[in-house]
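From just these sequences and the hints, can you work out the full model?
Listed below are the residues making up each chain.
Protein chains: 2
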Amino acid sequence: MVAAALSRIFAALADPTRRDMVARLSVGDATVNQLAEPYEMTLQAVYKHLRVLEDAGLVSRPPGPQPRPVHLEAEVFDLMDKWIERYRRQAEERYRRLDAVLEAMNESTSSEADERKGSAA
Amino acid sequence: MVAAALSRIFAALADPTRRDMVARLSVGDATVNQLAEPYEMTLQAVYKHLRVLEDAGLVSRPPGPQPRPVHLEAEVFDLMDKWIERYRRQAEERYRRLDAVLEAMNESTSSEADERKGSAA
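The listed protein sequences derive, respectively, from chains R and X.
In terms of the working numbering, the first sequence opens at residue 103 and continues consecutively.
In terms of the working numbering, the second sequence opens at residue 103 and continues consecutively.
The reader is advised that the hints may include incorrect statements.
Since copy identity is lost for identical chains, a pair holds within one copy or between any two.
Below, a list of computed lysine to aspartate or glutamate pairs in the EDC-like style, where the Cα atoms sit at most 20 Å apart [to be verified]:
| no. | residue 1 | residue 2 |
| --- | --- | --- |
| 1 | 184 | 194 |
| 2 | 184 | 122 |
| 3 | 150 | 122 |
| 4 | 150 | 131 |
| 5 | 150 | 139 |
| 6 | 150 | 175 |
The hints are simulated quantities; they were obtained by calculation from the structure and are not laboratory data.
Quick look at the structure:
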């Protein structure tokens, strides 16, 4: 289900360490030890973060013997992007319509003012 | 701080009810009662969700007497978008470089094969 998948992806990215892992993996695959290096946390904590990213489909690790490189599944960004773009576009269209209404109101006000000016002359 | 803001935005959107609220507000402002209508939850629960969205900067309510319409702050999507796009682009570039390397390897393999074929003829 898309809704459940989206919830998992957004929740996974709500943590700064997990976002940092995604950022680093976008440059290249890395082993868990390489990934863990810059963080002041136990390897167990790193594995926990990785599991959240894996459950969200954001990273994968090929089956096989250690060390297995962690790989970023960048296609998952598409799901999030589609959601964001849809509502962003809807909101923008709405603002555009509002602007058009305001402009039309301004125009009718200024033409009324012109008419008043004209009749006063 | 951008990192803390991003964490709040992603966490706010990790809940399907809150995403639904954002989706509905993208079409137009709504009062809390209007927003609450389709959900089978207490008004208190709706206010709690709204507070999470407000803390993330995703919605706002103008000060003043009730009913105050809830307004979507669609610009906040930009922050999320920038983050996603940056790492998506980085990952795509990397795949492109990988493809180029693989292609070059294929070409050199096939030209070696051609050479072998040539010497056999």
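Hints, one by one, checked against the model:
1. With identical chains, the CA atoms of residue 184 and residue 194 are at most 20 Å apart both within one copy (15 Å) and between copies (17 Å).
2. In the homo-oligomer, the alpha carbons of residue 184 and residue 122 lie at most 20 Å apart only across protomers (15 Å), although the nearest pairing inside one protomer, at 22 Å, exceeds that limit.
3. Taking the shortest alpha-carbon separations for residue 150 and residue 122, only the intra-copy value of 15 Å comes in at or below 20 Å, while the best inter-copy value is 29 Å.
4. In this assembly of identical chains, residue 150 and residue 131 lie within 20 Å of each other by CA distance solely inside one copy; the values are 18 Å within and 40 Å between copies.
5. In this assembly of identical chains, the alpha carbons of residue 150 and residue 139 lie at most 20 Å apart only when taken from the same copy (15 Å versus 38 Å across copies).
6. In the homo-oligomer, the alpha carbons of residue 150 and residue 175 lie at most 20 Å apart inside one protomer (18 Å), although the nearest pairing across protomers, at 33 Å, exceeds that limit.
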